[in-house]
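**Q** The residues making up each chain are set out below.
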Amino acid sequence: MGMTLTEKILARHAGLERVSAGQIINAKVDLVLANELSAAVAIAVMRGIKGADRVFDSKKIALVEDHFVPAKDAQSAKLAKLMKDFAQEQKIEHFFDVGRGGIEHVVLPEEGLVAPGELIVGGDSHTCTYGAFGAFATGMGSTDIAAAFVLGEVWLKIPATIKIVYSGTLGSMVYAKDLMLRTVGELGIDGATYRAIEYHGSTVDNLSITGRITMANMAIEAGAKNGMFHADAKTIAYVKERTDRPFVVERSDDDAEYERVIHINVDSLEPQVACPHTPDNVHPISEIAADDVMVDQVFIGSCTNGYIEDLRIVAKILEGKRVASNLRVIVNPGSQKVWMQAAQEGVLTTLAAAGCAVNTPGCGACFGGHMGTLGDGERAISTTNRNYVGRMGSPKAEVYLASPATCAASALAGKIADPRALELAAV
Amino acid sequence: MEASLRGRAHKYGKNVDTDVIIPGKYCNIVDIAELGKHALEGLDPEYTSRMKPGDIIVADRNFGCGSSREVAPIAIKGSGTSAVIAKSFARIFYRNALNIGLPIFESDEAVDGIESGDEIELEPATGVVRNITKGTQYQAAEFPPFMRSLIDAGGLVPYVERRLAEAAK
Ligand code: SF4
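Respectively, the protein sequence lines represent chains A and B.
Mapping to our numbering: the first sequence position 82 is 82, numbers consecutive.
If you want our numbering, it's the 1-based position in the second sequence plus 1000.
Warning: the hint list may mix true and false statements.
Stated by the list, open to error - Label pairs and their calculated CB-CB ranges:
| id | chain 1 | residue 1 | chain 2 | residue 2 | range |
| --- | --- | --- | --- | --- | --- |
| 1 | A | R47 | B | R1148 | 23 to 29 Å |
| 2 | B | T1136 | A | V261 | 37 to 43 Å |
| 3 | B | T1136 | A | K50 | 19 to 25 Å |
What the hints assert, rightly or not - From the derived model, a few chain A residues whose C-beta atoms are all more than 10 Å from chain B:
| id | residue |
| --- | --- |
| 4 | Q88 |
| 5 | L170 |
| 6 | K240 |
| 7 | D291 |
| 8 | A324 |
| 9 | I330 |
| 10 | L348 |
| 11 | E378 |
Claimed, not checked - Below 30 Å or equal to it, Euclidean Cα-Cα: the simulated BS3-like pairs (lysine-lysine) are:
| id | chain 1 | residue 1 | chain 2 | residue 2 |
| --- | --- | --- | --- | --- |
| 12 | A | K163 | B | K1014 |
| 13 | A | K81 | B | K1037 |
| 14 | A | K72 | A | K396 |
| 15 | A | K157 | A | K50 |
Calculated directly from the structure, the hints in this document are not laboratory data.
The beta-carbon is built from N, C-alpha and C at its ideal position, and this holds for glycine as well.
Here chain B stands alone, though its shape is the one from the complex (with noise of 0.2 Å):
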């Protein structure tokens, strides 16, 4: 996992759901970059023309409720956004950004202390969240320990293979 991601925030409010994230017609597109040509289509549809790598989503409550379509953290992943900060997200939507490593930040103050366009600062490792523009800083909540083990593993899969591994022997 990077040290450190930056990038300008772009804010949304709350319940940003699996169906604007990525609009249904798209779910059976496959190809990561072209699933990203489409993110936030439902809600914003200049979004990927607007934002550039790096560039972080920034929200209120319940992001990413809905669907368990995988394909809406992908398609964030896809079109260069490099992290979503959350005032909280919705259950399946967490577990998948983990599992796919889509940096997740949850925290209050974090959200309602960014606007959109201001350059931010992100340490996935520690929760660390800096508003470079406005010279603040927050704490993400932490995760329990199971999933920073996962997280830190490099998400479900070397997990998984870790499994296997063991059970081989």
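So here's chain A without its partners, still in its complex pose (with noise of 0.2 Å):
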């Protein structure tokens, strides 16, 4: 029997031969990362752990200021300048501060610290994201992430493995985001706990890195503890013009185990809408635009959604347009690349020109953190990730999430709105 792509990079992570679905193994990992939450706690834990006063590896691990900052008020900037102490301390290489960095899942590949075949855990849910270059990444709490920072090593469980093969081609104004969507509502939010995904098939080969970041990132709003792409040539390149640092570039055997084989075809997919308050909970476009659903704010941004393919899009929709009067849309670049890209091919001036309030690059609103909370009895269309009770503040308001292009087309229209009938209306 063969390995999966997961059981053969955490295999040899472990110096093992192999490995199997269950296992309980010690990994050495080749980065770790933490924002300014995640590593006030773990920098506490670490403090009360006798004999550790070093990190494990100075050039492994990456901080990144990205939740509550630029500061927004005196006790987010009490964390912040903690973690910018320790990494002082440290000496810790990879620290981005606020206008060197960005969102952390944007900022880590933008850096060249992702690599295909590496194990990467991170003190945020959404590390997952870097199985689009096929590295083992993933999520813990900020105990496990101080243990890291120590050992340089974590305790796992080697997951099975979902594979899900997508067929055919997406239609104009369809995009990953809406495949994923698909996807979650179709395993659940908690389908895939304690499970890889691998993501197989031609249409994902066809999609660009930026799409399988979107994919990859939301493996764990299906509960799941990675999600996996294989490196290509695109991620071959993407990688190499970034690092020269040596990778390893793995397969999953062709007799691999999966635990579940499931096909999706996306030949007549439509833009995809997740409802409140489940990321789950997803319809597709027409059920919703049919509704009459006014929206208060429309939020671009977030380790989604918020990458320069993500604005260009945007960008074309709004372009020499007034977004609708009874919405405000607010837009986080999700990295200073990223803006600065956006900045020269005067994306972020067609947003402003269309009414867009551009931030400075962060999580912002996506978590209800600042910079666009909601309140009571409002109405948004994210791109962002998840839309649980709360997440973007009021426990009384009620998220949507969509495609970038879907939240565009729903900014003119002021209600939620198919990006497919902007085309109809142009011919």
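Join the two chains, each given in its own frame, into one complex according to the hints.
**A** Rendered as structure tokens:
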């Protein structure tokens, strides 16, 4: 019996010939990530560990200020400073402060800190994003992160893998986000708990790196431990442009064992929307657009859809138009690099001219932190990944999740709208 | 670890997520007692005023889904809640609870057999769940041996200390 990609990476990092689902291993990590919230707790835990004064390797830790920065209040400033001081004390090489980073999961791939075959753990549930590059990456809590800071190792249970095979061609105005929302809808929010997901098929082979990032990012929305793509020429080119670190490209064996295989054909897939209050409450846009769902806020950003490709899509739709008067549109470019690229291309000006508020990079409204928190009775459509009660602020607010195109179309219409209708109107 | 835990049950549905356990706006709080004041605020704002120390949260499938915020189990612990019984736990919450020493019990039958207000007694060491009010008893799922050894050691921190001490020899 062969091994899956996840099993191969974990076996190699545990120094074992082979592993199988259910086994518990100790594995060496290539990178440990934390943001100012998870780091604050992890640092406190580390301070309490007898004999632990140094991190295991100051080059293999990445610390990114992103959730409550630029500090929204004195308490947030305290956490940001705590992480910064720790970074200085421990001589952490990859520390990203305001103005030099952005959202952790956008920054790490951009900076060449993620490569195929690596094992990355992070104090953030969307660490699974790096599966887009064929890395094993998973989120953990702060105590696990503190242990990884010190030991450079983590204990892991080998997950069984669910293989999803996509076929067909995405229609116009249908994107990786729609594909992933549909997938989460199909699996359910605990459908892949304790499992790895492997994405296969011609549809995902044709996706850009950004599209794969969007899909790997939301593996956790089905409860998965990690979400894996196989590295291909696109992946290798992307990574080699950013680092000269050697890496290992592996593939699942043909006779690897899968717990389940799911087939999804996308030929007739419409844009999808996750309705309140779970990411698996997914419906095709035609159903939702028919209901005149009025919107108070459109949010464009996050580690799911805060990339230059996403901003370009939104700008293309909004170009020369004004967003509807009944709503506000808030845009958080995912990183400083995305922000600069968008500025150079004129994307930011297009967005601002259309009436969007463009923020500094960071998580912002995604988790209800700041810069666009929803009030009682407000409704948002957002390019983010979660819509639980209270996710973007008030527990009496509603969040719909959709692609950047669907969010942009909704921004023009003032209510949740089908982006495909724009094309028809243009003809 | 205490031999047994006792308190009244507060029962909730499935998919109790970390955003309702401790809303994002409180995630910059580090004080455990302060976090505890907001436990379950997004789901049941009255929980912390209604519950008494030692009380037990009982929930359906997938408790703790969503983010990796360790402040979620910390807030529950900080509120004085002694344990959580659920049909299943989300992966990261499960690890975090073990790591910080919040006792968790996984059992379909126990959840189905408990109503809000029932008096419950729990034995963390054996996984026994007793419903004193109804006179019933259940056995929660066993932990795999490695996790059992982590729990018995008192969580992940003592485990790391042991590893460091071994490495220093
Ligand atoms: S953008 Fe949203 S989902 Fe991504 S790391 Fe920030 S808060 Fe989490």
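**Q** Decide, hint by hint, whether the structure agrees.
**A** Now for the hints, and whether the structure bears them out:
no., hint, in the structure
1, A/R47 - B/R1148: 23 to 29 Å, "holds, 27 Å"
2, B/T1136 - A/V261: 37 to 43 Å, "holds, 41 Å"
3, B/T1136 - A/K50: 19 to 25 Å, "violated, 43 Å"
4, Q88, "holds, 20 Å"
5, L170, "holds, 28 Å"
6, K240, "holds, 30 Å"
7, D291, "holds, 24 Å"
8, A324, "holds, 27 Å"
9, I330, "holds, 16 Å"
10, L348, "holds, 26 Å"
11, E378, "holds, 15 Å"
12, A/K163 - B/K1014, "holds, 26 Å"
13, A/K81 - B/K1037, "holds, 25 Å"
14, A/K72 - A/K396, "holds, 22 Å"
15, A/K157 - A/K50, "holds, 26 Å"
In this structure, only the earlier hint numbered 3 is contradicted, and the remaining ones agree with it.
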